[in-house]
Amino acid sequence: MGRVKLPIGPQHPALKEPENFTITLDGERVVDVDIRIGYTHRGIEKLMESRTYTQNLYLVERICGICSYAHVENFTQNVEEILGIQIPKRAEYIRTLFLELERLHSHFLWLGVAGHEIGFDTLFMYTWQDREVVQDLLEMISGNRVNYAMNAIGGVRRDVSVEHQKKVLQGMDYLEKRAEYYKEVAINEKTILARAENVGILKTKDALKFSAVGPTARASGITVDIRKDDPYASYLDTPFDVITTNTNDVLGRVVVRVLEIFESIKIIRYLMAHLPVGEIVTKAPRKVPEGESISHTEAPRGEDFHYLRSNGTEKPERYKVRTPTLANLPALAEMLKGTYLADVPIIVAAIDPCMGCMDRVLLLKGNEKPGELVDGERLRRYSIKWFAERGWKA
Amino acid sequence: MFKGLVKWARVKSPWILHMNCGSCNGCDIEILAALIPRLDVERFGVLLKGTPRHADVLVCTGPVTKQMKERLKRVYDQMPEPKFVVVVGQCGSSGGIYQGAYGVEGGIDTVIPVNAYIPGCPPRPDAIADGLIKLLASIDKGGKP
Ligand code: SF4
Numbered sequence: 001m002g003r004v005k006l007p008i009g010p011q012h013p014a015l016k017e018p019e020n021f022t023i024t025l026d027g028e029r030v031v032d033v034d035i036r037i038g039y040t041h042r043g044i045e046k047l048m049e050s051r052t053y054t055q056n057l058y059l060v061e062r063i064c065g066i067c068s069y070a071h072v073e074n075f076t077q078n079v080e081e082i083l084g085i086q087i088p089k090r091a092e093y094i095r096t097l098f099l100e101l102e103r104l105h106s107h108f109l110w111l112g113v114a115g116h117e118i119g120f121d122t123l124f125m126y127t128w129q130d131r132e133v134v135q136d137l138l139e140m141i142s143g144n145r146v147n148y149a150m151n152a153i154g155g156v157r158r159d160v161s162v163e164h165q166k167k168v169l170q171g172m173d174y175l176e177k178r179a180e181y182y183k184e185v186a187i188n189e190k191t192i193l194a195r196a197e198n199v200g201i202l203k204t205k206d207a208l209k210f211s212a213v214g215p216t217a218r219a220s221g222i223t224v225d226i227r228k229d230d231p232y233a234s235y236l237d238t239p240f241d242v243i244t245t246n247t248n249d250v251l252g253r254v255v256v257r258v259l260e261i262f263e264s265i266k267i268i269r270y271l272m273a274h275l276p277v278g279e280i281v282t283k284a285p286r287k288v289p290e291g292e293s294i295s296h297t298e299a300p301r302g303e304d305f306h307y308l309r310s311n312g313t314e315k316p317e318r319y320k321v322r323t324p325t326l327a328n329l330p331a332l333a334e335m336l337k338g339t340y341l342a343d344v345p346i347i348v349a350a351i352d353p354c355m356g357c358m359d360r361v362l363l364l365k366g367n368e369k370p371g372e373l374v375d376g377e378r379l380r381r382y383s384i385k386w387f388a389e390r391g392w393k394a
Numbered sequence: 001m002f003k004g005l006v007k008w009a010r011v012k013s014p015w016i017l018h019m020n021c022g023s024c025n026g027c028d029i030e031i032l033a034a035l036i037p038r039l040d041v042e043r044f045g046v047l048l049k050g051t052p053r054h055a056d057v058l059v060c061t062g063p064v065t066k067q068m069k070e071r072l073k074r075v076y077d078q079m080p081e082p083k084f085v086v087v088v089g090q091c092g093s094s095g096g097i098y099q100g101a102y103g104v105e106g107g108i109d110t111v112i113p114v115n116a117y118i119p120g121c122p123p124r125p126d127a128i129a130d131g132l133i134k135l136l137a138s139i140d141k142g143g144k145p
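In order, the protein sequence lines correspond to chains A and B. Heads up, the first sequence is in our numbering, so the first residue is 1 and it goes up one at a time. Heads up, the second sequence is in our numbering, so the first residue is 1 and it goes up one at a time.
By construction, these hints were calculated from the structure, which means they are not laboratory data. Errors might be hidden in some of the hints.
Cβ-Cβ distance ranges computed for the label pairs, FRET-style [as the list claims (entries may be wrong)]:
{"id": "1", "chain 1": "B", "residue 1": "K73", "chain 2": "A", "residue 2": "V31", "range": "50 to 58 Å"}
{"id": "2", "chain 1": "A", "residue 1": "Y58", "chain 2": "B", "residue 2": "S13", "range": "53 to 61 Å"}
{"id": "3", "chain 1": "B", "residue 1": "D77", "chain 2": "A", "residue 2": "K166", "range": "51 to 59 Å"}
{"id": "4", "chain 1": "A", "residue 1": "N246", "chain 2": "B", "residue 2": "V6", "range": "55 to 63 Å"}
{"id": "5", "chain 1": "B", "residue 1": "K66", "chain 2": "A", "residue 2": "T24", "range": "27 to 35 Å"}
{"id": "6", "chain 1": "A", "residue 1": "I294", "chain 2": "B", "residue 2": "K73", "range": "36 to 44 Å"}
{"id": "7", "chain 1": "B", "residue 1": "K73", "chain 2": "A", "residue 2": "S211", "range": "36 to 44 Å"}
{"id": "8", "chain 1": "B", "residue 1": "K66", "chain 2": "A", "residue 2": "I85", "range": "47 to 55 Å"}
{"id": "9", "chain 1": "A", "residue 1": "S50", "chain 2": "B", "residue 2": "D77", "range": "30 to 38 Å"}
{"id": "10", "chain 1": "A", "residue 1": "K167", "chain 2": "B", "residue 2": "D77", "range": "48 to 56 Å"}
{"id": "11", "chain 1": "A", "residue 1": "Y58", "chain 2": "B", "residue 2": "S138", "range": "26 to 34 Å"}
{"id": "12", "chain 1": "A", "residue 1": "Q165", "chain 2": "B", "residue 2": "D77", "range": "48 to 56 Å"}
Covered stretches of chain B, as calculated for chain A (at least 3 residues, CB under 8 Å) [unchecked claim]:
{"id": "13", "stretch": "3-12"}
{"id": "14", "stretch": "117-124"}
{"id": "15", "stretch": "128-139"}
Even for Gly, the Cβ is constructed at its ideal location relative to N, Cα and C.
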């Protein structure tokens with residue numbers, strides 16, 4: 001059998017970078033991967049230049065519905081830096097609380113998606129059910145489940161009451177118990193081991209070469225975490241550890257994320273116990289003086305980077321965003337090389353490209369001759385069947 | 001009689017295809033959140049499918065980006081008749097917050113006909129479930145809603 005080109009995508013329920021993978025196959029083996037992005041390019045960066053800073057708060061949030069808060073945090077940090085305002089301590093703590101709650105919900109969500117990709121739907125239902133606990137907490141404090149609209153320039157818009165604190169702590173107790181269970185599952189469950197161990201290898205030197213970020217890099221043994229490397233919000237005061245593993249495979253990425261859940265819980269407990277009293281917002285002028293600023297945060301998926309240039313008006317002159325998934329794509333291409341087609345869904349899911357992506361696949365056999373139309377669901381089924389035939393239970 | 005049977009099957013177990021046309025993902029996770037045990041829209045027979053050829057209802061999110069426009073049309077054409085389209089979210093209904101962006105075409109209804117809109121940014125999972133059920137009820141009453 002000669003080489004086959006297999007385009008996957010482009011339908012991809014992700015943020016700014018929906019992807020199209022053209023995979024060259026030799027039999028079952030992936031020889032080469034070509035990634036094309038930009039299908040849901042909406043032009044947010046340009047759009048931001050025509051909106052005021054306050055309006056942009058809400059637009060930035062909608063770059064991505066999962067790491068929405070990391071984006072707003074970056075935006076407000078940028079604006080505050082140019083304005084030269086210091087936000088109140090209490091606001092910093094509340095922001096950190098939201099950053100961590102977001103990480104919790106995102107990691108639970110990811111665990112479920114990964115489970116779904118390997119045909120382990122029970123895990124999906126379990127983790128998503130637990131994720132609802134986080135969603136309820138977010139909703140309780142901010143009033144919305146997904147795009148919280150918590151930040152204002154100069155602080156936060158809603159306060160955390162004593163009642164809220166109690167509820168948050170209760171939620172953390174519950175989630176910790178559940179996370180213990182998932183740790184058990186991730187390390188001992190045969191279904192996961194069979195599909196995740198030694199799959200999608202990314203060696204430390206490759207991770208460095210392709211500048212992988214976030215849990216993907218940390219699973220390859222690189223200690224990189226913006227929360228530690230360049231602390232923002234209240235991470236400087238907060239004790240926590242950076243989780244790394246050096247197994248370099250999908251299993252490592254599962255373990256890193258599960259252990260990060262514990263760290264997040266630890267951080268949230270600390271924040272709740274040490275929440276300073278005082279104002280939650282300082283007044284900020286509407287016009288932002290001329291200046292430039294960069295800001296980066298550790299979003300659940302890795303480093304999220306924003307750049308702002310202002311020109312003294314109410315609107316930004318230039319805004320630039322680089323999201324973690326984009327940063328991880330070159331590394332992803334490297335991981336996919338040499339693996340089996342059946343492993344593609346889980347490897348792609350392992351960088352957490354915001355969602356298990358593949359919805360439609362167009363099978364092109366040989367040179368550009370349109371072949372069979374396959375979708376992501378069938379690819380997933382195919383992968384589960386492929387492993388079942390070889391006696392690996394999935 | 002056969003027609004009645006088909007309608008009965010469709011109302012009792014509609015198969016849906018979820019398609020993202022450039023959304024921020026907020027609505028997409030809320031659609032999935034409606035599938036989990038808390039709300040469990042599967043008890044109404046709603047099943048998520050992977051291909052347009054199996055789907056009765058197309059659930060769209062997001063403003064249609066220039067890149068996705070043709071693909072949305074293609075997916076819609078591939079669905080068997082009668083087909084229903086549900087739009088989830090503000091930006092799918094009208095362009096919402098992305099109005100005026102150069103990469104955005106506008107609401108879903110600028111490209112394909114739409115049967116039901118579920119507003120919100122993002123709508124709660126309960127609202128999504130409610131919207132779907134209202135659509136089913138109206139199909140039950142007579143043909144197109
Ligand atoms: S309606 Fe709002 S939450 Fe939903 S996809 Fe559009 S911007 Fe995102």
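Cross-check of the supplied hints:
At roughly 33 Å, the beta carbons of K73/B and V31/A sit outside the given window of 50 to 58 Å. Restraint check, Y58/A to S13/B: a C-beta distance of roughly 38 Å breaks the suggested window 53 to 61 Å. In this structure, D77/B and K166/A meet the distance hint of 51 to 59 Å, their C-beta atoms being roughly 54 Å apart. Between N246/A and V6/B the C-beta distance comes to about 57 Å, which sits within the given range of 55 to 63 Å.
Checked against the given bound of 27 to 35 Å, the beta carbons of K66/B and T24/A, roughly 28 Å apart, stay inside it. Taken as a hint, the range 36 to 44 Å holds for the pair I294/A and K73/B, whose Cβ atoms sit roughly 40 Å apart. Range check, K73/B to S211/A: Cβ separation about 38 Å, and the 36 to 44 Å hint holds. About 39 Å separates the C-beta atoms of K66/B and I85/A, a value inconsistent with the hinted range of 47 to 55 Å.
Here the CB-CB span from S50/A to D77/B is close to 35 Å, well matched to the stated 30 to 38 Å. At about 49 Å, the beta-carbon gap between K167/A and D77/B stays in the expected band of 48 to 56 Å. At roughly 33 Å, the beta-carbon separation of Y58/A and S138/B lies within the given 26 to 34 Å, and the hint holds. Separated by about 54 Å at the C-beta atoms, Q165/A and D77/B satisfy the suggested range of 48 to 56 Å.
Proximity of the stretch 3-12 of chain B to chain A, defined as three or more residues with a beta carbon under 8 Å from a beta carbon of that chain, is not established by the 0 residues found. Three residues within the 8 Å Cβ limit are the bar, and the stretch 117-124 of chain B against chain A gives 3, so the coverage statement holds. Here the stretch 128-139 of chain B counts 0 residues with a CB under 8 Å from a CB of chain A, which misses the bar of 3, and the coverage is violated.
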